[in-house]
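Fit chains B and C to the given chain A structure using the hints.
Each chain is listed here by its residues.
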Amino acid sequence: MSREHIFKSSLGKKLVMGITGLFLITFLLVHVGCNACIFANDGGVLFNEVAHFMAHNFFIRVMEVVLFAGIFTHAIQALLITLHNKKARPIAYAVTTNKNTKWYSRSMGILGSLLLIFFVVHWANFWVPTKIAVYTNQEHNTFEEMKTVFANPLFVGIYLVGVISLCYHLLHGFPSAFQTLGLNNKKYTPILKKAGAIYAVAVCTLFALMPITMYLGLIK
Amino acid sequence: MASSPKLNSRIPEGPMEHKWTKYRSTVHLINPANKRSLEVIVVGSGLAGASAAASLAEMGYKVKVFCFQDSPRRAHSIAAQGGINAAKNYQNDGDSVYRLFYDTVKGGDYRSREANVHRLSEVSGNIIDQCVAQGVPFAREYGGTLSNRSFGGVLVQRTFYAAGQTGQQLLLGAYSALQRQVGMGAAKLYTRHEMLDVVVIDGKARGIIARDLITGKLERHFGHAVILASGGYGNVFYLSTNAMGCNVTAAWKAHKKGAFFANPCYTQIHPTCIPVSGDHQSKLTLMSESLRNDGRIWVPKKQGDTRKANEIPEEERDYYLERRYPAFGNLVPRDVASRAAKERCDAGYGVGASKMAVYLDFSANMMRYGQIEANKQSLHNPTKEQIRELGMAVVKEKYGNLFDMYKQITNENPYEVPMRIYPAVHYTMGGLWVDYNLMTTVPGLYALGEANFSDHGANRLGASALMQGLADGYFVIPYTISDYLSGEIRTKAIATDNEAFVKTEAEVQERINKLMNVKGTKSVDHFHKALGKIMWNKCGMARNAQGLKEAIEEIKQLRLEFWKNVRVTGEQNEFNPELEKAGRVADFLELGELMCIDALHRNESCGGHFREEYQTTDGEAQRDDDNFAYVAAWEMKEISNWELNKEELKFESIKLAQRNYAS
Amino acid sequence: MSHENMNLTLKVWRQKNKDAKGNFETHQVKEVSPDMSFLEMFDVLNERLITEGKDPIAFDHDCREGICGMCSMFIDGRPHGPVKGVTTCQLHMRSFKDGDTVVVEPWRSAAFPVVKDLAVNRSAFDRIIAAGGFVSVNTGNSKDANNILIPKDEADDAFNAAACIGCGACVATCKNGSAMLFVSAKVSQLALLPQGQVERENRVLGMVAQMDEEGFGTCTVTGACEVECPKGISLENIARMNREYVAASAKKKD
Numbered sequence: 001m002s003r004e005h006i007f008k009s010s011l012g013k014k015l016v017m018g019i020t021g022l023f024l025i026t027f028l029l030v031h032v033g034c035n036a037c038i039f040a041n042d043g044g045v046l047f048n049e050v051a052h053f054m055a056h057n058f059f060i061r062v063m064e065v066v067l068f069a070g071i072f073t074h075a076i077q078a079l080l081i082t083l084h085n086k087k088a089r090p091i092a093y094a095v096t097t098n099k100n101t102k103w104y105s106r107s108m109g110i111l112g113s114l115l116l117i118f119f120v121v122h123w124a125n126f127w128v129p130t131k132i133a134v135y136t137n138q139e140h141n142t143f144e145e146m147k148t149v150f151a152n153p154l155f156v157g158i159y160l161v162g163v164i165s166l167c168y169h170l171l172h173g174f175p176s177a178f179q180t181l182g183l184n185n186k187k188y189t190p191i192l193k194k195a196g197a198i199y200a201v202a203v204c205t206l207f208a209l210m211p212i213t214m215y216l217g218l219i220k
Numbered sequence: 001m002a003s004s005p006k007l008n009s010r011i012p013e014g015p016m017e018h019k020w021t022k023y024r025s026t027v028h029l030i031n032p033a034n035k036r037s038l039e040v041i042v043v044g045s046g047l048a049g050a051s052a053a054a055s056l057a058e059m060g061y062k063v064k065v066f067c068f069q070d071s072p073r074r075a076h077s078i079a080a081q082g083g084i085n086a087a088k089n090y091q092n093d094g095d096s097v098y099r100l101f102y103d104t105v106k107g108g109d110y111r112s113r114e115a116n117v118h119r120l121s122e123v124s125g126n127i128i129d130q131c132v133a134q135g136v137p138f139a140r141e142y143g144g145t146l147s148n149r150s151f152g153g154v155l156v157q158r159t160f161y162a163a164g165q166t167g168q169q170l171l172l173g174a175y176s177a178l179q180r181q182v183g184m185g186a187a188k189l190y191t192r193h194e195m196l197d198v199v200v201i202d203g204k205a206r207g208i209i210a211r212d213l214i215t216g217k218l219e220r221h222f223g224h225a226v227i228l229a230s231g232g233y234g235n236v237f238y239l240s241t242n243a244m245g246c247n248v249t250a251a252w253k254a255h256k257k258g259a260f261f262a263n264p265c266y267t268q269i270h271p272t273c274i275p276v277s278g279d280h281q282s283k284l285t286l287m288s289e290s291l292r293n294d295g296r297i298w299v300p301k302k303q304g305d306t307r308k309a310n311e312i313p314e315e316e317r318d319y320y321l322e323r324r325y326p327a328f329g330n331l332v333p334r335d336v337a338s339r340a341a342k343e344r345c346d347a348g349y350g351v352g353a354s355k356m357a358v359y360l361d362f363s364a365n366m367m368r369y370g371q372i373e374a375n376k377q378s379l380h381n382p383t384k385e386q387i388r389e390l391g392m393a394v395v396k397e398k399y400g401n402l403f404d405m406y407k408q409i410t411n412e413n414p415y416e417v418p419m420r421i422y423p424a425v426h427y428t429m430g431g432l433w434v435d436y437n438l439m440t441t442v443p444g445l446y447a448l449g450e451a452n453f454s455d456h457g458a459n460r461l462g463a464s465a466l467m468q469g470l471a472d473g474y475f476v477i478p479y480t481i482s483d484y485l486s487g488e489i490r491t492k493a494i495a496t497d498n499e500a501f502v503k504t505e506a507e508v509q510e511r512i513n514k515l516m517n518v519k520g521t522k523s524v525d526h527f528h529k530a531l532g533k534i535m536w537n538k539c540g541m542a543r544n545a546q547g548l549k550e551a552i553e554e555i556k557q558l559r560l561e562f563w564k565n566v567r568v569t570g571e572q573n574e575f576n577p578e579l580e581k582a583g584r585v586a587d588f589l590e591l592g593e594l595m596c597i598d599a600l601h602r603n604e605s606c607g608g609h610f611r612e613e614y615q616t617t618d619g620e621a622q623r624d625d626d627n628f629a630y631v632a633a634w635e636m637k638e639i640s641n642w643e644l645n646k647e648e649l650k651f652e653s654i655k656l657a658q659r660n661y662a663s
Numbered sequence: 001m002s003h004e005n006m007n008l009t010l011k012v013w014r015q016k017n018k019d020a021k022g023n024f025e026t027h028q029v030k031e032v033s034p035d036m037s038f039l040e041m042f043d044v045l046n047e048r049l050i051t052e053g054k055d056p057i058a059f060d061h062d063c064r065e066g067i068c069g070m071c072s073m074f075i076d077g078r079p080h081g082p083v084k085g086v087t088t089c090q091l092h093m094r095s096f097k098d099g100d101t102v103v104v105e106p107w108r109s110a111a112f113p114v115v116k117d118l119a120v121n122r123s124a125f126d127r128i129i130a131a132g133g134f135v136s137v138n139t140g141n142s143k144d145a146n147n148i149l150i151p152k153d154e155a156d157d158a159f160n161a162a163a164c165i166g167c168g169a170c171v172a173t174c175k176n177g178s179a180m181l182f183v184s185a186k187v188s189q190l191a192l193l194p195q196g197q198v199e200r201e202n203r204v205l206g207m208v209a210q211m212d213e214e215g216f217g218t219c220t221v222t223g224a225c226e227v228e229c230p231k232g233i234s235l236e237n238i239a240r241m242n243r244e245y246v247a248a249s250a251k252k253k254d
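The listed protein sequences correspond, in order, to chains A, B and C.
Anchor point for the first sequence: position 168 equals 168 in my numbering, and the numbering is continuous, going up by one each time.
Anchor point for the second sequence: position 663 equals 663 in my numbering, and the numbering is continuous, going up by one each time.
Anchor point for the third sequence: position 250 equals 250 in my numbering, and the numbering is continuous, going up by one each time.
One chain only, chain A, in its complex shape (with noise of 0.2 Å):
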């Protein structure tokens, strides 16, 4: 058993995933407090000071190239996990119960899916124009840029579907990456499940009333 071989083994590719996700949970919170900004309802002047900010700190940068590295790597992590999985059990029930489990439990892959997806419009709406207007050295104004995307009640409705099986996936994901990571205590796990469950329903919230308040025109 070598140290590289933890990486193979079936728990190794779980810590993996909690690592990772342990990772991306720790960047949500920084998105989130990015984006709360707009909340100042000071046309954008503390958030669009606080975007260019990140998008010419080294620091930030490097860490935006692990962060990438973390999502592909949690989420081909988890396509292996699923493909490694459904070889365990070749042949389906004919009936199965739902009612020893949470259904976002057991929909992990499914809102991890929803999610990329959702991944690819938001960096389409987003990080793209931004890449672009770093390197070319325009100026960029992401609060604009915000307004006309949530205007439109497409997008309102993607980002409200991907926030909401963000909500789930973190749900599950929390608790579940300290469980992995053999996190657990009998004094403390209850509190942190609890901490989980606020922590993603407040991210949630949060990162909704974003596009909720712009389409109500309420943040100007």
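Certain hints may be false.
[What the hints assert, rightly or not] Straight line, CA to CA, 30 Å or less: simulated DSS-like cross-link-like pairs of lysine-lysine: (1) 252(C) - 143(C); (2) 8(A) - 175(C); (3) 35(B) - 143(C); (4) 581(B) - 11(C); (5) 99(A) - 251(C); (6) 143(C) - 522(B); (7) 186(A) - 152(C); (8) 62(B) - 54(C); (9) 564(B) - 529(B); (10) 54(C) - 581(B).
Hints in this document: simulated from the structure, not taken from any laboratory.
Leaving out everything else, chains B and C in the frame of chain A:
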């Protein structure tokens, strides 16, 4: 009385307490290189089989283990609930090797071989040490030491336990040890294999014929020695607390190949089982004897009382065990408790719908525990309800899984209403006759655990079966087998195309063909149930000469009918549970007859063998030491023809006395 | 006990052997007593099939008191049926209603090939135990049992993990066919006890490697195993195994 010349018990010379020590120091040893070329077959993977296989493989022998279940961990030892005895004296209550020895011989109604029992007591402590080292999670006190409780027939607390799952934990310990050897290649596992005959070459056991239960193919396996650890034969009664698969086949095939069968009539009827609920019943479930620590047994004082248990006031209850046996109370030995329950029910005092049950009531002790807990928690003036709650928690901790099981089966909540219990067949003290080395009358063929007869006499005390199984496997056979195998180091492995293997396999095949070809109209279970009924009614808790004579004839008839009219469905070359059952029931139909013959010849009552003709004026078993202080070892000449051989039981350390649990 | 006998429709998986293609077979079972166990209901059905000259339904069972772990039926989508905390043999017919249709399937897992009908081969579990589920202590050289004191809580936790009966319900119910609950119960039991410390790292690494080799799936923490386990083995054990595994991988010399 002198022992039959055919029976050499090989008991070492010298004073009782030195026999085993001396034996171990002087037994022939085998050098490690030679051990590697000696092969041992172990049939059965319960406590005795798994512990023997693991220990022998550790020592360097090449071991093959056979079990009919899908994994060695399923063997029925797993179902033992209450505990395992050991003379550790951790409770400082006066226990000692001698006292365990004495209790066991007395509990067995003076029908066991002293030297074997003494050895058992001597090694009992080592078993606990061994199991703890393996990671068996025994119950512990808050200080971290091991916890003990009492069992029937003793006045000390020497029973070690793991909730109500002691057998499971001990077996998983032995199983782990065995799997470790399997992982290292020192032992090889043959699961879903059933032994169907012993191969005897030049008078010595040299292997077995086994059937692969999945493919149905017969296989030949060589061994320099063959160990049978195949359990007891309680399923001859159809309804028993044994697992559905428990059978006598391995032991019976050995018997037919020359191994004497000893004391077959000694059957243990366990007093605390869940009563039969209907014709569909396939097995009976035991409620551990440990429950008698805290449960009080009673029936109404009035015959045919139809009131609910809770409605019967204290003064109208008959705590008959406490009344009849004040010294031991509810903790009298099993045979005594069972007969007392039968006596009350037969006299019309039974409870429940069938009236064939007595109450096992925890309410008094629940209150007592509740009070202790209240004191511990410094609760002043607790209400009755609070005390009950606290007491219930204590009882739950001790017996939770048993209470749950009871509720699951009966749909009654034993925390609220008393359990209804009735005796059921549980264990068989009889088995293959073995000498001090645990070797049968066929050289090289050994019998361990419940499969042999040696340690429990006419009645086994609670928590002693686990002790004996593990003693035989861990601490006895590893020494005694070298006494025989040291003479075999020049014997090369015999090729299985040897004539004896071929011939034995052909015989097995012929019997299978015969079973498949009857093509009658009645299922195997039909015959099994019919046999069970005969055995329970006429060779059960109470026997008499008239009934036994009838039973013998009825069994012979049933056997004829079986071979004429049994229907075995399916094919022989496939997984076929019906064929497996058919073979086992065919053997039970032969064994049943011998049990009745043995019961009929033993004109006395002792332990689990109660002959109605031989009882004291107050209904206790009356032994006849002058005429029956011997082991009855039966040699099969042909079907329905057995020759009795006697091994005289000499009591040197313990004086023969009438058992007394009243004072 | 109060309710009447009932009639049921059973849809049972029939499969001649490991390689055969299986299919469902429908049987009517009449006059089923509520006091019968689920397996006794099968006994009655089999008795009838035998009388009719048909092949009875093969299923695994032995102790019939919920401890040997041999019985293994997947009943209406749940291993061991609808009642929590019981094995198939302890499931009683009072849990069903007159007129119910009950679908019975074998455990389905690549690592548990069907032997016949409802019986499967679970020897993968034996091989996992052989890969490390033990304390390497030979017979006969153990110290006095009370030499090492073990706090009651720890002994109790170890016992709770050790209560696993190896029935495979966790694998059967897991949507991923994962054996993590089974493996982690043994890893936990021995990791919690002082006797298990010496081989702690080798044990978890060896058992996990064997588990993967047998073709079990990967845990995705749906928690179904914990719900369906007839012995209430906790998901905490899986977390503990994960922790043991990380620690062992980090420490272990290559």
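Each hint, compared with the structure:
no.	hint	in the structure
1	252(C) - 143(C)	28 Å, holds
2	8(A) - 175(C)	21 Å, holds
3	35(B) - 143(C)	27 Å, holds
4	581(B) - 11(C)	25 Å, holds
5	99(A) - 251(C)	40 Å, violated
6	143(C) - 522(B)	57 Å, violated
7	186(A) - 152(C)	16 Å, holds
8	62(B) - 54(C)	43 Å, violated
9	564(B) - 529(B)	17 Å, holds
10	54(C) - 581(B)	17 Å, holds
The earlier numbered hints that this structure contradicts are 5, 6, 8.
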